[in-house]
Amino acid sequence: MKKRGKGVGSMWYGIGNTGLPNPAAAFIEVLSDTSVNLMVGCADIGQGSTTVMAQIAAEELGLSYENIHVISADTMVTPEGGASSASRQTFISGNATKLAARQAKATLTEVAAGFLNVPGEELIFRNGEIFSSNDNSKKMTYRELMAEMKKHGRLAVGAGAYNPKTTYLHPETMAGIPYEVYSYATTIAEVEVDTETGEIEVLKVVSAHDVGLSVNDTMVEGQIEGGVVMGEGFAVFEKIECSNGVIKNPIFSKYLIPTAMDVPDIYSVVVECEGECGPYGAKGVGEPALIPSIPAIAAAVEDAIGVRFCCLPITPTDVLRELGKLKTQ
Amino acid sequence: MSDRDFSVLGQSVIRKDALSKVLGEAKFAADYKFEGMLYGGVFRSTVPHALIKHFDASKALALPGVACVLTAKDIPGKNRTGIIIKDEPCLVDDKVRRVGDAIAIVAADTPEQVNEALDLMEVEYELLEPIFTVERALEEDSPKIHGATNVHAKKHLECGDVDAAFAKCDVIVEHTYNTSMLTHMFIEPDAGIARYEDKIMTVYCSTQNPHYDRADVAGVLGLPNNQVRIVQVTTGGGFGGKLDISVQCHIALLSHFTGKPVKMVRSRKESTNVSAKRHPMTMKAKTGATKDGKIQAVEVYMTGDTGAYASYGPAVITRAVVHCMGPYEVPNVRVDAVFTYTNNPMAGAFRGFGVPQVAYCHEGQMNAIAKELNMDPIELRLLNAHKIGTTIATGQVLEESVGFKETLIQAAAKAKEVM
Amino acid sequence: MEKIKIAFNLNDQDVSIETMPNKRLLDMLREDFNCTSVKEGCGEGECGACTVLRNGEPVTSCTMLAGQVQGERLLTLEGLSKNGELDILQKTFMEAGAVQCGFCTPGMILSAKALLMKNPHPSRDEIRRALSGNLCRCTGYTKIFKAVEMAIEE
Amino acid sequence: MKEFSFFSPGTLDEALTLMNQYKGKASVIAGGTDIVLELNDRSHHPDYIVDISKIKELRYVKVVDGIVRIGALSTFTDLENDPYLRDHVKSLYSACYYVGSPQIRNLGTIGGNVVNASVAGDTPTAFISLDATVVLRSAAGKREMKLTDFYGGPGKTELEKDELLTEIYFEAPTEQMATAYTKLGKRKALVIVVIGLAVLLEKDCNNICSKAQVVIGAVARYPQRLPLIEHYLVGKPVTKETFDGCRDLFSQTVYEMIPTRASVGYKKESVKGVASKTFDSILSDFSLCGVEE
Numbered sequence: 103m104k105k106r107g108k109g110v111g112s113m114w115y116g117i118g119n120t121g122l123p124n125p126a127a128a129f130i131e132v133l134s135d136t137s138v139n140l141m142v143g144c145a146d147i148g149q150g151s152t153t154v155m156a157q158i159a160a161e162e163l164g165l166s167y168e169n170i171h172v173i174s175a176d177t178m179v180t181p182e183g184g185a186s187s188a189s190r191q192t193f194i195s196g197n198a199t200k201l202a203a204r205q206a207k208a209t210l211t212e213v214a215a216g217f218l219n220v221p222g223e224e225l226i227f228r229n230g231e232i233f234s235s236n237d238n239s240k241k242m243t244y245r246e247l248m249a250e251m252k253k254h255g256r257l258a259v260g261a262g263a264y265n266p267k268t269t270y271l272h273p274e275t276m277a278g279i280p281y282e283v284y285s286y287a288t289t290i291a292e293v294e295v296d297t298e299t300g301e302i303e304v305l306k307v308v309s310a311h312d313v314g315l316s317v318n319d320t321m322v323e324g325q326i327e328g329g330v331v332m333g334e335g336f337a338v339f340e341k342i343e344c345s346n347g348v349i350k351n352p353i354f355s356k357y358l359i360p361t362a363m364d365v366p367d368i369y370s371v372v373v374e375c376e377g378e379c380g381p382y383g384a385k386g387v388g389e390p391a392l393i394p395s396i397p398a399i400a401a402a403v404e405d406a407i408g409v410r411f412c413c414l415p416i417t418p419t420d421v422l423r424e425l426g427k428l429k430t431q
Numbered sequence: 355m356s357d358r359d360f361s362v363l364g365q366s367v368i369r370k371d372a373l374s375k376v377l378g379e380a381k382f383a384a385d386y387k388f389e390g391m392l393y394g395g396v397f398r399s400t401v402p403h404a405l406i407k408h409f410d411a412s413k414a415l416a417l418p419g420v421a422c423v424l425t426a427k428d429i430p431g432k433n434r435t436g437i438i439i440k441d442e443p444c445l446v447d448d449k450v451r452r453v454g455d456a457i458a459i460v461a462a463d464t465p466e467q468v469n470e471a472l473d474l475m476e477v478e479y480e481l482l483e484p485i486f487t488v489e490r491a492l493e494e495d496s497p498k499i500h501g502a503t504n505v506h507a508k509k510h511l512e513c514g515d516v517d518a519a520f521a522k523c524d525v526i527v528e529h530t531y532n533t534s535m536l537t538h539m540f541i542e543p544d545a546g547i548a549r550y551e552d553k554i555m556t557v558y559c560s561t562q563n564p565h566y567d568r569a570d571v572a573g574v575l576g577l578p579n580n581q582v583r584i585v586q587v588t589t590g591g592g593f594g595g596k597l598d599i600s601v602q603c604h605i606a607l608l609s610h611f612t613g614k615p616v617k618m619v620r621s622r623k624e625s626t627n628v629s630a631k632r633h634p635m636t637m638k639a640k641t642g643a644t645k646d647g648k649i650q651a652v653e654v655y656m657t658g659d660t661g662a663y664a665s666y667g668p669a670v671i672t673r674a675v676v677h678c679m680g681p682y683e684v685p686n687v688r689v690d691a692v693f694t695y696t697n698n699p700m701a702g703a704f705r706g707f708g709v710p711q712v713a714y715c716h717e718g719q720m721n722a723i724a725k726e727l728n729m730d731p732i733e734l735r736l737l738n739a740h741k742i743g744t745t746i747a748t749g750q751v752l753e754e755s756v757g758f759k760e761t762l763i764q765a766a767a768k769a770k771e772v773m
Numbered sequence: 016m017e018k019i020k021i022a023f024n025l026n027d028q029d030v031s032i033e034t035m036p037n038k039r040l041l042d043m044l045r046e047d048f049n050c051t052s053v054k055e056g057c058g059e060g061e062c063g064a065c066t067v068l069r070n071g072e073p074v075t076s077c078t079m080l081a082g083q084v085q086g087e088r089l090l091t092l093e094g095l096s097k098n099g100e101l102d103i104l105q106k107t108f109m110e111a112g113a114v115q116c117g118f119c120t121p122g123m124i125l126s127a128k129a130l131l132m133k134n135p136h137p138s139r140d141e142i143r144r145a146l147s148g149n150l151c152r153c154t155g156y157t158k159i160f161k162a163v164e165m166a167i168e169e
Numbered sequence: 138m139k140e141f142s143f144f145s146p147g148t149l150d151e152a153l154t155l156m157n158q159y160k161g162k163a164s165v166i167a168g169g170t171d172i173v174l175e176l177n178d179r180s181h182h183p184d185y186i187v188d189i190s191k192i193k194e195l196r197y198v199k200v201v202d203g204i205v206r207i208g209a210l211s212t213f214t215d216l217e218n219d220p221y222l223r224d225h226v227k228s229l230y231s232a233c234y235y236v237g238s239p240q241i242r243n244l245g246t247i248g249g250n251v252v253n254a255s256v257a258g259d260t261p262t263a264f265i266s267l268d269a270t271v272v273l274r275s276a277a278g279k280r281e282m283k284l285t286d287f288y289g290g291p292g293k294t295e296l297e298k299d300e301l302l303t304e305i306y307f308e309a310p311t312e313q314m315a316t317a318y319t320k321l322g323k324r325k326a327l328v329i330v331v332i333g334l335a336v337l338l339e340k341d342c343n344n345i346c347s348k349a350q351v352v353i354g355a356v357a358r359y360p361q362r363l364p365l366i367e368h369y370l371v372g373k374p375v376t377k378e379t380f381d382g383c384r385d386l387f388s389q390t391v392y393e394m395i396p397t398r399a400s401v402g403y404k405k406e407s408v409k410g411v412a413s414k415t416f417d418s419i420l421s422d423f424s425l426c427g428v429e430e
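Chains as they are written, first to last, in this note's numbering: chain A, 103 to 431; chain B, 355 to 773; chain C, 16 to 169; chain D, 138 to 430.
The following block holds chain A by itself, in its conformation from the complex:
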């Protein structure tokens, strides 16, 4: 018989290393033709940090995304970025990028203010133009600004570094500030369990993530979908079999990860939330994407067949055992 069940799982996740300094830095230069070189230490391993940094730099400078060329993770060229881990890069390297851009923009602002004859605070940099927030007619293009910079012998360069505001944790009680900010998420999963064979099918997963600000919806969804499927693996497929220190299943044919046939229909919900500490409020989603799907799927299996499981992954054998079907002959 096939039985369906639903389950919910939530999580919180502190962004960056726990109660430790973990800074990252960025260098930026706006070139005379308005193209930009951005150098960040942050390694893009497929999660898309290079794109995120380019979007943040473009927003801060008021240029388009296409203007920004990112050089990343080359220790002879880029400053320290720390690890691409702990869902920290959008928050920390993103803040560093924003600070670097802001420093370059300070020089640009000074020159533009002189040229347009308005106070610097009034100036808005947007879509390749610089204009006064009080008087739209007072404006110049970025190209004009760069020509003006050249005339004055000024260079639009910036360096930024960011270290999240945390404290070391007390060695006995762990009191302190472990992280500057947290991401939150809730996942609801629906599964179908075959009570005769123990097979578990994850049918649908809704996963809602508070990411602060979504820098790029498609990429955030991509993280969530990938996380849900890895969570499915965690909950119902994956396990390293180790015997006497030897891994028995180090290959894809023996360590089973979900295939295109196994994945549920996934509904990503991107939740935004006001905050100042991240770049424009952005937090992290890389690891949060994975986490709540695990308890949600486990809870859905429990809901379907009415028994509790104490171990992950939940295998078909476990299902039949908990249903009382594996009593010895």
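Worth flagging that the hints you see were computed from the coordinates, not collected in a lab.
Please read these numbers as outputs of a predicted model, since none were measured by experiment.
Selected chain A positions facing chain C (Cβ under 7 Å, derived; list incomplete):
1) 327
2) 331
3) 353
4) 362
5) 365
6) 368
Ideal Cβ positions, reconstructed from N, Cα and C, are used throughout, including at glycine.
Chain A is already provided as a structure; the job is to place chains B, C and D on it using the hints.
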């Protein structure tokens, strides 16, 4: 939602790396070729815990095409690497601590010659008692894997008066949760290529952690940090599994000794066998609430097996302890955690650093409480959820960007629509 | 060991090579023809990163010997775009966000291409099955399905 | 990969000559999905490789005089795409449909699947349920044997070192027959079979089972006919109730096959579900044919 009007943020622009990837032009580490390059390989232990009595590479060295075989004594700098604690030898010197420890490295003209050379290397072990469980590791008479204790890390978190709070609870649930050792299975196995470029040791590799790699390569070669350049090339996924050193130190050493570029590409099997794993954890949890559903106290005892080397173990235990009560206002918390060394595969970073494990535990507890109280699990969470002004167990007051309730509300709404 | 001569069609060009027989198709394509879009993820025909199209059908090049392609037509990702014009799937993979780390991407696009050549209007289930030999650990496949569906609509 | 000489004969005769010439020193490669892995990790290092994948004459599916003949070099995809098999030999069609992945189905051959005799092979289970015969050829001649006998001996198979398996054939199922194959695996694709169950059932005009060939794969070393189940079915009405009645017999049979194996608990229990799915398919096929009473 922010009221700022952005021009670039929030837009689903096409990734910077998308075009080169859909064209197949993106160069991953294994795709690099340098003139005159050699291939490298690693001779690894097949036993979990042993002293090396004798190692003989003379037959391997006699093979045509073999440029060099290096062991620990050839290392010019420090023979210890490791993300947080430098406890892992680049090449085994004192003893073998796990199956897959690197004993020697070889460089040769072709991958086939590398394999033949590895087949011809001979090692004689003096076996030591291995430890495969946390329980055995904690016993007084167990052999010690590093130093004087097998306790790799121990943490205690406490706030409020847990015992008094439990005494006042209307409902208490207690369960033990176990999670398994897992592996990342990034699709690209670890790879890299190293050579001196203008006297700078330059390592092109698949990594999540280039600046850390730089320090470890410099340390092993005995060079200042600025004489080593790590270039992260297109990297085929990591999920935490490419934070530790993989091939970097080995290819740098081989290139240093041969004066030629050296490339190493791990097989899937080698990659999985020696990269860090997710810590298997056991969590014994007790959660108490009043009958109106307010969580009053949480107590957790957790153990984890960090395997032969620390890797990111210290980060995993700390993060797991901080997060193990979940995103809920819990005034009274007591957590104790112990991670031990064993002779199992090394456990380290894997997407979530212990939080996926503890989330299984705290959410299992929340669902159990909801069931006991016959409450909707979403309602129970909303009732206890973090909000602005919440004080968490470490004493931190949450001041901004706490969107938890919104995720509960929106997830429930979407689920109602589609399920 | 005697060298063998292999003549085949690679990405619409007739090619031939004299080579040692003890290499896999994967190695020959990568080393002798510089088709490095053909990736090795597992070496056991499981992950599909080394997928190429043989006479229009996806095959894993890590489970074939080089000599087995004598007289066959092979397509690797290098041969998919014509005269600088991207294939529709290359465009939709970019637009849908179907690419993350990119290691599975060449094989994934080729499997999708083989599907669309045979079945221009596949259902979601047919897409899933056609891609079931290509493992992806980053995307959760969902945006990849979407990319293929976008290519159908075009 | 160690060194070897490589031959790629274009005809069966050439191949058999090579097999004779290098008897015992040559390995055959067809799809290559298994052997290339062994060559690459050097666990297998023959002096000669005979690639038979270019022998076009061994790639066919045809029905001649009530016999279904399948050339050994037909791929899983070939069989899956064959309309006759899809409509009339569902067990074999399903066994091919669920193999590995598109890539493996495009490469892997039926002959290779049968000769490799992998515990977890899908098609041998289906073939045995069809009571198939294999044709073995060598330079010296040709011999035939039932697939059950092919797997019967003490070696891996009865295949001699100079022989090639060239064809598998079986009697075409009649209108009064239905076949089905169910694969239980740990996920939905790229999966090794945990239990494979193939059934051929014939019923008479009174809806009574007149013939039953039931084969279980991935339990014992080779797929096994289950005579107790077959005996139980024959003579009983072809109904859900009859099939439900043998679920425990399946369980008991599996238990007796592997009483000490760690997986016995799960397999003896889940086989009931596998049996139900298989018989549901048989029943639905019969009702589609319009021969339901």
